[in-house]
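Build out the structure end to end from the sequences listed, making use of the hints.
Sequence order for the protein chains is A and B. Residue numbering for the first sequence follows the working numbering, starting at 30 and increasing by one per position. Residue numbering for the second sequence follows the working numbering, starting at 30 and increasing by one per position.
Think of the hints as simulated: they come from the structure by calculation, not from any bench. Keep in mind that a hint or two might mislead.
The list treats identical chains as one, so a pair stands whether inside a single copy or across any two.
Claimed, not checked - Keeping only pairs whose Cα atoms sit at most 27 Å apart, straight-line, the calculated BS3-like set for lysine-lysine is: (1) K156 <-> K87; (2) K232 <-> K189; (3) K43 <-> K125; (4) K59 <-> K315; (5) K59 <-> K156.
Number of protein chains: 2
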Amino acid sequence: MSFSDRLAEAVRRKGPLCVGIDPRWESLPKSIREAPLPHPTTARLQAVAEHTATFCVKVLELVAPFAGVVKPQSAFFELLGKWGMHAQEAVLNRAKEMGFVTILDAKRGDIASTATAYADAAFEGCKIDGETFPVWGADSLTINPYLGRDAVEPFLVAAKAAERGVFVLVRTSNAGSGLFQDLNCDGKPLYRHVAAAVAEWNKPTIGACGLGDVGAVVGATHPRELAELRAELPNVWFLVPGYGAQGGTAADVRAGFRSDGLGAVVNSSRGVTFPFHPDDPDWEAKTRSECVYRG
Amino acid sequence: MSFSDRLAEAVRRKGPLCVGIDPRWESLPKSIREAPLPHPTTARLQAVAEHTATFCVKVLELVAPFAGVVKPQSAFFELLGKWGMHAQEAVLNRAKEMGFVTILDAKRGDIASTATAYADAAFEGCKIDGETFPVWGADSLTINPYLGRDAVEPFLVAAKAAERGVFVLVRTSNAGSGLFQDLNCDGKPLYRHVAAAVAEWNKPTIGACGLGDVGAVVGATHPRELAELRAELPNVWFLVPGYGAQGGTAADVRAGFRSDGLGAVVNSSRGVTFPFHPDDPDWEAKTRSECVYRG
Chain A
30 MSFSDRLAEA VRRKGPLCVG IDPRWESLPK SIREAPLPHP TTARLQAVAE
80 HTATFCVKVL ELVAPFAGVV KPQSAFFELL GKWGMHAQEA VLNRAKEMGF
130 VTILDAKRGD IASTATAYAD AAFEGCKIDG ETFPVWGADS LTINPYLGRD
180 AVEPFLVAAK AAERGVFVLV RTSNAGSGLF QDLNCDGKPL YRHVAAAVAE
230 WNKPTIGACG LGDVGAVVGA THPRELAELR AELPNVWFLV PGYGAQGGTA
280 ADVRAGFRSD GLGAVVNSSR GVTFPFHPDD PDWEAKTRSE CVYRG
Chain B
30 MSFSDRLAEA VRRKGPLCVG IDPRWESLPK SIREAPLPHP TTARLQAVAE
80 HTATFCVKVL ELVAPFAGVV KPQSAFFELL GKWGMHAQEA VLNRAKEMGF
130 VTILDAKRGD IASTATAYAD AAFEGCKIDG ETFPVWGADS LTINPYLGRD
180 AVEPFLVAAK AAERGVFVLV RTSNAGSGLF QDLNCDGKPL YRHVAAAVAE
230 WNKPTIGACG LGDVGAVVGA THPRELAELR AELPNVWFLV PGYGAQGGTA
280 ADVRAGFRSD GLGAVVNSSR GVTFPFHPDD PDWEAKTRSE CVYRG
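Okay, structure coming up:
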């Protein structure tokens, strides 16, 4: 089944909540952070990464009844170095086993065979001498369009071959996103040019659900643009960050949906995964109830 | 010493060649690829990553007399999954021990604390409970500007704190780079707006050598733009990819330099690291002689 149809199925079953997995060590529950770490410096970061994976898997279990989509943020795993990459693999594997649709939020972008290397890592795995070794095995990947056509196309080719998807950064949720995205290029802002390219790339991939495998990242913090883009790109999935901790409200994100209730997955990271104070012994119940509320 | 001054010192001592470390397995010398790999699938990718690190360290040793700057391409390590990250760490550590100035070519870009996580991974390391654990320990990192001001600034803050540098993608070397970079925004192409922002960010970081810590990536495949940008950004280091295998010539890259011979490092990846056919038993001599020619 195509990526877009699998995503539609997940949203129909469990709603449009995408749980962002952003494991900042200092925000993890005390009970996890205070599990004993071995002493030698080299082994300590490995232990931190293992505890981080434990926390992330626990979050997957807590949110599974309420969300069908999860988005691990690669930066927080990379911050834990090579051991963080062991954790990233473990979390993605567990999410897959549990039936989540996964979005690896790595915002990759490079050219030609270098882009293919990132795409193979994200999707099918590493191909060596006719054998394929699984790497991240994600269902989709966020990508950055700045490098242009031949930087995006290798991701599209790899996604197509593996029945996976991409989400292209169009209008990001941060306050300073306008520096380049809002520049007036031949009469319309840059992000609208990127949106038009996304619509083009998406067109040949539209599945049974009426949406395609080439999505767009559009922040909840720009509700007017979100509505405009929804009208302009009726067949494009939106990944909508910025809901909750970044200030986007439920009314703000409504504009991202189509009338059939599909078309958007709304990410909440800090809101769902860290509704508790790190010292709170009752963090599991709070995470669960936060999901019910969002869902 | 500031990043820019360390880079100037390396270029004065050994010239402007930057050796790109892009370890594509199928291009590695037969003698390395054919070293026995253990049989179980899980262990094979680990062995591939270890052999890859061995090749990269051998390249460092071969090019050390001729080049002071190396640029590992993160995508080819990531393609080898978590084990590739062990290899990336080993190669960066060895490069540092050998005195190279390192550019981690990862083209990262994200917002706020997520950008800080990437920056800390690249530069100072992971900070936990008052302790800092080294991660990549690179001297500089390539970054993507599309997300805007508050996506770039965390990298600048982290670079400043650690006396490291960044290279912001301005005009990339690929044929399709113009899709967005060439759009006419208020009378000038997008990449010139990015270049102007780079000049701003670079200004407070200018070191004794007259150049700063916030560089720009400008492809050798656009010699006219390279000359224009050199004139417009006299204090900005350029990382110039696209020389050699991608078609840029020695005459093309000349425009990237200042009259004092500083201002650009010229990357060659396939040209230097893979001048040989994979089956060639004499690959070490060929790599060495290619460096003499480029240097």
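Going through the hints against the structure:
1. K156 <-> K87: between (32 Å within a copy, 24 Å between copies)
2. K232 <-> K189: Answer is within; shortest intra-copy Cα gap is 13 Å, inter-copy 44 Å.
3. K43 <-> K125: within (16 Å within a copy, 49 Å between copies)
4. K59 <-> K315: This pair counts as within: shortest intra-copy Cα distance 14 Å, inter-copy 56 Å.
5. K59 <-> K156: Only across copies: K59 and K156 sit 17 Å apart there, 41 Å inside one copy, limit 27 Å.
Checked against the numbered hints above, the structure breaks none of them.
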